[in-house]
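Peer 1: Spelled out, the chains give:
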Amino acid sequence: MKIKDIADILNAEIVCGFNEINREANYCFASDLMSDVLTIDKDNLLLITGLSNLQTIRTAEMSDIFAIIFARNKEITEEMKKLAEDNNMVLLKCKYSMFKTSGILYKNGINPVY
Amino acid sequence: MQFEYKIKGGDFSEAGTISSKLKKILKQLNIDNKIIKKVVIALYEAEVNVIAHAYNGKVNIDIDTEKIEINIKDKGPGIENIAKAMEKGFSTATSKVREMGFGAGMGLPNIKKNSDKLDIKSKVSEGTNLKIITFLNK
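Order-wise, the sequence lines are chains A and B. Our numbering puts the first residue of the first sequence at 460, with every later residue one more than the last. Our numbering puts the first residue of the second sequence at 34, with every later residue one more than the last.
The set of hints was computed from the structure by calculation and includes no laboratory data. Hints may contain errors.
Partial list, computed: chain B residues near chain A (C-beta under 10 Å) [unchecked claim]:
no., residue
1, Thr50
2, Asn66
3, Ile74
4, Glu78
5, Met139
Note that CB positions come from ideal geometry on N, CA and C, so glycine has one too.
Construct the complete structure from the given sequences, taking the supplied hints into account.
Peer 2: Have a look at this one:
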């Protein structure tokens, strides 16, 4: 599914990375534990998280994750945005919980990693 | 090709800056993406470890046609029991480290998973040396 369609079904705000919103994401992982995110070897992976800090973006950078959905409208700082932009990453801000966000994406055919 | 970087203990905003630089260098060298991911994840975990546990550290990276060798040397408390530290789930991390999304006792096992050769030497009250080797033509 294209990132822009994911933003649509989640009523999510696209914070940055507008050039990448036509990219497809096939798999998704939801976690606040960055150590766990770093153990996944999957391409075109999407991350749902409630952890909003610079290390969330760094973790995505190292894991080749090109899109992050911040659940529960978590604040995205300018520093996070800049780092994401430097790495051609899309950041989405969604008011739903991690559970609801995951449920909607799962129902719409996004695959789990495990 | 050799590079040297310094790490300051406790400075979480800097965690990952060396891995990020290395990722860009390896991309320029046209190294396979799967190898790049392994190398930068191992180094990122090691950077987080130094920042979380040590006072300061030094990273030396040596890239040749056969392998990427990374040495991370820190001054810090050292690891009392390396075998224990290699167990998944064992952690001595503070709550601050956990707030950053780390400290679940997964770092060293993940470094091992993402390296072809890992050598750890540590002295309590002095520091820890990590040597991570990744072969380019396996």
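Peer 1: Quick one, is the Asn66/B hint okay against chain A at 10 Å, beta carbons?
Peer 2: 7 Å, holds
Peer 1: Against chain A, is Glu78/B within 10 Å by beta-carbon distance?
Peer 2: 7 Å, holds
Peer 1: Please verify that hint: Ile74/B, Cβ, nearest Cβ of chain A, below 10 Å or not.
Peer 2: Holds, about 5 Å.
Peer 1: Please verify that hint: Met139/B, Cβ, nearest Cβ of chain A, below 10 Å or not.
Peer 2: Because about 4 Å separates Met139/B from the closest Cβ in chain A, which is inside the 10 Å limit, the hint holds.
Peer 1: Does the nearest C-beta of chain A fall within a distance shorter than 10 Å of the C-beta of Thr50/B?
Peer 2: It holds, given that the least Cβ distance between Thr50/B and chain A is near 8 Å, below 10 Å.
Every hint from the earlier list agrees with this structure, and none is contradicted.
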